[in-house]
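Number of protein chains: 2
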Amino acid sequence: MQNFEFLNPTRIIFGEGREGQVGEWTAKYGKKVLLHYGGGSIKKSGLYDKIVESLKSSNVDFIELGGVQPNPRLALAQRGIELARAEKVDFVLAVGGGSTIDSAKAISIGVPYSGNVWDFYAGKAQAQAALPIGVVLTIPAAGSESSNSSVITNEDGMLKYGLNTDVFVPKFAILNPELTFTLPAYQTAAGATDMLAHVMERYFTNTTNVDLSDKLCEALMKSITKNAPNAIAEPENYDARAEVMWCGTLAHNNLVGMGRVGDWASHAIEHELSALFDIAHGAGLAIIFPAWMKYVYKHDIQRFCQFAVNVFGVEHNFAYPEKSALEGIERLELFFKKIGMPTHLTEANLPDVEANIRLMAKKAASRGSLGQFVKLDAEAIEKIYHIAL
Amino acid sequence: MQNFEFLNPTRIIFGEGREGQVGEWTAKYGKKVLLHYGGGSIKKSGLYDKIVESLKSSNVDFIELGGVQPNPRLALAQRGIELARAEKVDFVLAVGGGSTIDSAKAISIGVPYSGNVWDFYAGKAQAQAALPIGVVLTIPAAGSESSNSSVITNEDGMLKYGLNTDVFVPKFAILNPELTFTLPAYQTAAGATDMLAHVMERYFTNTTNVDLSDKLCEALMKSITKNAPNAIAEPENYDARAEVMWCGTLAHNNLVGMGRVGDWASHAIEHELSALFDIAHGAGLAIIFPAWMKYVYKHDIQRFCQFAVNVFGVEHNFAYPEKSALEGIERLELFFKKIGMPTHLTEANLPDVEANIRLMAKKAASRGSLGQFVKLDAEAIEKIYHIAL
Numbered sequence: 001m002q003n004f005e006f007l008n009p010t011r012i013i014f015g016e017g018r019e020g021q022v023g024e025w026t027a028k029y030g031k032k033v034l035l036h037y038g039g040g041s042i043k044k045s046g047l048y049d050k051i052v053e054s055l056k057s058s059n060v061d062f063i064e065l066g067g068v069q070p071n072p073r074l075a076l077a078q079r080g081i082e083l084a085r086a087e088k089v090d091f092v093l094a095v096g097g098g099s100t101i102d103s104a105k106a107i108s109i110g111v112p113y114s115g116n117v118w119d120f121y122a123g124k125a126q127a128q129a130a131l132p133i134g135v136v137l138t139i140p141a142a143g144s145e146s147s148n149s150s151v152i153t154n155e156d157g158m159l160k161y162g163l164n165t166d167v168f169v170p171k172f173a174i175l176n177p178e179l180t181f182t183l184p185a186y187q188t189a190a191g192a193t194d195m196l197a198h199v200m201e202r203y204f205t206n207t208t209n210v211d212l213s214d215k216l217c218e219a220l221m222k223s224i225t226k227n228a229p230n231a232i233a234e235p236e237n238y239d240a241r242a243e244v245m246w247c248g249t250l251a252h253n254n255l256v257g258m259g260r261v262g263d264w265a266s267h268a269i270e271h272e273l274s275a276l277f278d279i280a281h282g283a284g285l286a287i288i289f290p291a292w293m294k295y296v297y298k299h300d301i302q303r304f305c306q307f308a309v310n311v312f313g314v315e316h317n318f319a320y321p322e323k324s325a326l327e328g329i330e331r332l333e334l335f336f337k338k339i340g341m342p343t344h345l346t347e348a349n350l351p352d353v354e355a356n357i358r359l360m361a362k363k364a365a366s367r368g369s370l371g372q373f374v375k376l377d378a379e380a381i382e383k384i385y386h387i388a389l
Numbered sequence: 001m002q003n004f005e006f007l008n009p010t011r012i013i014f015g016e017g018r019e020g021q022v023g024e025w026t027a028k029y030g031k032k033v034l035l036h037y038g039g040g041s042i043k044k045s046g047l048y049d050k051i052v053e054s055l056k057s058s059n060v061d062f063i064e065l066g067g068v069q070p071n072p073r074l075a076l077a078q079r080g081i082e083l084a085r086a087e088k089v090d091f092v093l094a095v096g097g098g099s100t101i102d103s104a105k106a107i108s109i110g111v112p113y114s115g116n117v118w119d120f121y122a123g124k125a126q127a128q129a130a131l132p133i134g135v136v137l138t139i140p141a142a143g144s145e146s147s148n149s150s151v152i153t154n155e156d157g158m159l160k161y162g163l164n165t166d167v168f169v170p171k172f173a174i175l176n177p178e179l180t181f182t183l184p185a186y187q188t189a190a191g192a193t194d195m196l197a198h199v200m201e202r203y204f205t206n207t208t209n210v211d212l213s214d215k216l217c218e219a220l221m222k223s224i225t226k227n228a229p230n231a232i233a234e235p236e237n238y239d240a241r242a243e244v245m246w247c248g249t250l251a252h253n254n255l256v257g258m259g260r261v262g263d264w265a266s267h268a269i270e271h272e273l274s275a276l277f278d279i280a281h282g283a284g285l286a287i288i289f290p291a292w293m294k295y296v297y298k299h300d301i302q303r304f305c306q307f308a309v310n311v312f313g314v315e316h317n318f319a320y321p322e323k324s325a326l327e328g329i330e331r332l333e334l335f336f337k338k339i340g341m342p343t344h345l346t347e348a349n350l351p352d353v354e355a356n357i358r359l360m361a362k363k364a365a366s367r368g369s370l371g372q373f374v375k376l377d378a379e380a381i382e383k384i385y386h387i388a389l
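Just so you know, the protein sequences line up as chains A and B, in that order. In terms of my numbering, the first sequence opens at residue 1 and continues consecutively. In terms of my numbering, the second sequence opens at residue 1 and continues consecutively.
It is possible that some hints are incorrect.
Stated by the list, open to error - Over the 12 Å line for every Cβ pair with chain A, so calculated as not near, a few chain B residues:
{"no.": "1", "residue": "4"}
{"no.": "2", "residue": "45"}
{"no.": "3", "residue": "65"}
{"no.": "4", "residue": "67"}
{"no.": "5", "residue": "297"}
{"no.": "6", "residue": "338"}
{"no.": "7", "residue": "340"}
{"no.": "8", "residue": "347"}
{"no.": "9", "residue": "353"}
Stated by the list, open to error - As a list, the in silico DSSO-like pairs of lysine-lysine whose alpha-carbon atoms are at most 27 Å apart:
{"no.": "10", "chain 1": "B", "residue 1": "50", "chain 2": "B", "residue 2": "32"}
{"no.": "11", "chain 1": "B", "residue 1": "88", "chain 2": "B", "residue 2": "32"}
{"no.": "12", "chain 1": "B", "residue 1": "323", "chain 2": "B", "residue 2": "226"}
{"no.": "13", "chain 1": "B", "residue 1": "222", "chain 2": "B", "residue 2": "32"}
{"no.": "14", "chain 1": "B", "residue 1": "226", "chain 2": "A", "residue 2": "222"}
{"no.": "15", "chain 1": "A", "residue 1": "171", "chain 2": "B", "residue 2": "28"}
{"no.": "16", "chain 1": "A", "residue 1": "43", "chain 2": "A", "residue 2": "28"}
{"no.": "17", "chain 1": "A", "residue 1": "226", "chain 2": "A", "residue 2": "294"}
{"no.": "18", "chain 1": "A", "residue 1": "226", "chain 2": "B", "residue 2": "222"}
{"no.": "19", "chain 1": "A", "residue 1": "171", "chain 2": "B", "residue 2": "171"}
{"no.": "20", "chain 1": "B", "residue 1": "171", "chain 2": "A", "residue 2": "28"}
{"no.": "21", "chain 1": "A", "residue 1": "226", "chain 2": "B", "residue 2": "226"}
{"no.": "22", "chain 1": "A", "residue 1": "28", "chain 2": "B", "residue 2": "28"}
{"no.": "23", "chain 1": "A", "residue 1": "222", "chain 2": "B", "residue 2": "222"}
{"no.": "24", "chain 1": "B", "residue 1": "28", "chain 2": "B", "residue 2": "56"}
{"no.": "25", "chain 1": "A", "residue 1": "32", "chain 2": "A", "residue 2": "56"}
{"no.": "26", "chain 1": "A", "residue 1": "50", "chain 2": "A", "residue 2": "88"}
{"no.": "27", "chain 1": "A", "residue 1": "56", "chain 2": "A", "residue 2": "43"}
Said to hold, decoys possible - Only part of the chain B face toward chain A is listed, based on derived beta-carbon distances under 10 Å:
{"no.": "28", "residue": "212"}
{"no.": "29", "residue": "220"}
{"no.": "30", "residue": "223"}
Since the hints were derived computationally from the structure, they do not count as laboratory data. Ideal Cβ positions, reconstructed from N, Cα and C, are used throughout, including at glycine.
Could you put together the complete structure from these sequences and hints?
Below is the structure:
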């Protein structure tokens, strides 16, 4: 186990009807709020009205900016920053999923910064301050509600870069599983895939003696693979929705990654895909992760056996461990198929994807090799895209 | 799953040599520190000198109060309160295990309170403020380093009462597994028992649909039962010590209890034992928990089967589930025996314990029935003490 520091200061407010407390919690941090959201779904569902009512009843003033897209764009964040400055906003309230929260995080660090907020994502500057953020979560997936991560796509070159900084970790996150009842099956599945990927990126490590965090990872992976199909089959099953939602937060608040080095190559390889093709991040991960596994599993067959046995209940083949390892990868693919995710690029309707493989591999490796479990250069990444075809 | 709120604001600073940063972290919160510790072990081990050096190099002024005993006493906490007031202390640094931290917590809420600090423990007043606390942990057991709990024994009547309040949750906790290398086998085992008990108190619940938190509980229980024997067999095995130490924190920062009602009867039944006989809390729990289980298991045989199968790898007896349930309890007792804990009162050298059973049961039930999984009145508690004989 490596030395580590763990602090997760986001207050999780979980359960039925909790969005009615958003005004009360917001009022502890701000007086003038930027209410940030995506398309019109929160207006159709009535959530928007509930939030406005709660803010008003706590005497919190607000302006709003909707229109966040999946793979949130830099331009909208920049508009939010200008708006927040002009209106003297002192708190950003994100109502939505990971894209909305990531966009809110970009706004929160952009407001007190004199340069272009993209500087932080491009690694040209370090964020020192941020407006406080609150979240009402509607899509369990990215874990952004209590993580220190934000991923933004710069339309200029379709660069999709992630940023990690503690300054924009949300102050509170309201998680009501009922708000996810209307989430379509595909988005539910893509969300479950994303949270599973967050755990797998940490699970496949070269750090030894990580027993407890291995077991915590396995607990999350088992719970996601058990409950996500139930949430899809019965969209209004509160308990299945609740398990999935809580899994999504714990999969990415870094608890299960403590004391170990994560990999994160699959995320970066997927980012090129969704930057270019605007495929849902989760669907992209369902395609890339099994391909990555097939490329790297020989690096540590025993770890892949542990994954197969402890997560998918595969009976260990002591004589031929490689068979167990491969069966684990197959079971993961079967899980993705079961929840309706594509597991190959050819299933995902991406025009000319094969012709773009070299370009994506080159972009993915443009800031250096990817991955910690196995280091991947552009050539290796290209092979992984080919396995994924 | 029930509605819940989760926030754990303690910064965990984990790993080799981390105690050298104590001055730096303390200086962020205070200028005049009360350094609180137990017997002389931190002086013998050289830890005291390291801490003093770190405080001095960060220009933090300090006074000290040692002498905390296991089952920490009210009188010492009261002395600490007077001392802290007289010396205008603004930060309490606990160096030790759960007893020292619990005593520091009592001091931290006593200083800004005009009445007797026992009022909080007796339920006569609610703590509103506390001096900030930091911890250098030397005994992994109680989880007090990031919990909202403190247990104090009032010598007047040997009343041992627990208090839960968020105001005294430590700001930071330094956890260096090397500091536990010198911990004797008995104390290591008692600590492991305590942390296992913290998880079991949450695991045995009537709340349904708690899949993820069940699995997180099982992860912790498996890791404790796997690593504690290794830490005892090889006291300087860093990895075993590290797993045990991190388990102790996560067992009681309430993460694994979210969304479910815990039981806590066994803790209360044990408290009467250790208040009267000054037996180590962990050793008392190793005696009481199996007795409690034998008394209550018929209330939910399936949950006891899940415990047996998922924690101890018992093969489930589908035809006679009760056999699996009882085998799980037996395996727990065997684990306690393996690490050198007593599992019966008669093994623990407690003079006249049998003659005191009625008194202890009466005291345990004096503030109402115990437990949530099964409600226990004085008569039921008496039966459990008898099973434990």
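How about residue 212 (chain B): closest beta carbon in chain A under 10 Å, or not? For residue 212 (chain B), the interface hint holds, since the closest Cβ of chain A sits about 4 Å away, which is under 10 Å.
Separation of residue 353 (chain B) from chain A, once the least beta-carbon distance is taken, above 12 Å: Correct as stated: the minimum Cβ-Cβ distance to chain A is 36 Å, above 12 Å.
Restraint status (C-alpha distance of residue 50 (chain B) to residue 32 (chain B) at most 27 Å): Given that 27 Å is the threshold and the Cα spacing comes to 18 Å, the pair holds.
Would you mind confirming whether the straight-line C-alpha gap from residue 171 (chain B) to residue 28 (chain A) stays at or under 27 Å? It holds: about 21 Å lies between the C-alpha atoms, which stays within 27 Å.
Mind checking the alpha carbons of residue 171 (chain A) and residue 171 (chain B) for me, to see if they're no more than 27 Å apart? The hint holds at about 17 Å.
Verify the proposed pairing of residue 88 (chain B) with residue 32 (chain B), using a straight-line Cα cut of 27 Å. 7 Å, holds
Minimum C-beta separation from residue 338 (chain B) to chain A exceeding 12 Å: can you confirm that? Holds, since 18 Å exceeds 12 Å.
Given the hint that residue 222 (chain B) pairs with residue 32 (chain B), does the C-alpha gap stay at or below 27 Å? With a Cα-Cα distance of about 42 Å, the restraint between residue 222 (chain B) and residue 32 (chain B) is violated, given a limit of 27 Å.
Would the non-interface assignment of residue 347 (chain B) survive a Cβ cutoff of 12 Å against chain A? Non-interface label stands for residue 347 (chain B): nearest chain A Cβ at 30 Å, farther than 12 Å.
If we take the beta carbon of residue 4 (chain B), is the closest beta carbon in chain A still more than 12 Å away? Non-interface label on residue 4 (chain B) violated, nearest chain A Cβ at 5 Å vs cutoff 12 Å.
Need the status of pair residue 226 (chain B), residue 222 (chain A): alpha-carbon distance at most 27 Å? Holds. Residue 226 (chain B) to residue 222 (chain A) sits at ~20 Å (cutoff 27 Å).
When you check the alpha-carbon spacing of residue 50 (chain A) and residue 88 (chain A), does it fall within 27 Å? Cα-Cα ~24 Å, so holds.
In this structure, the hints that do not hold are numbers 1 and 13, in rising order.
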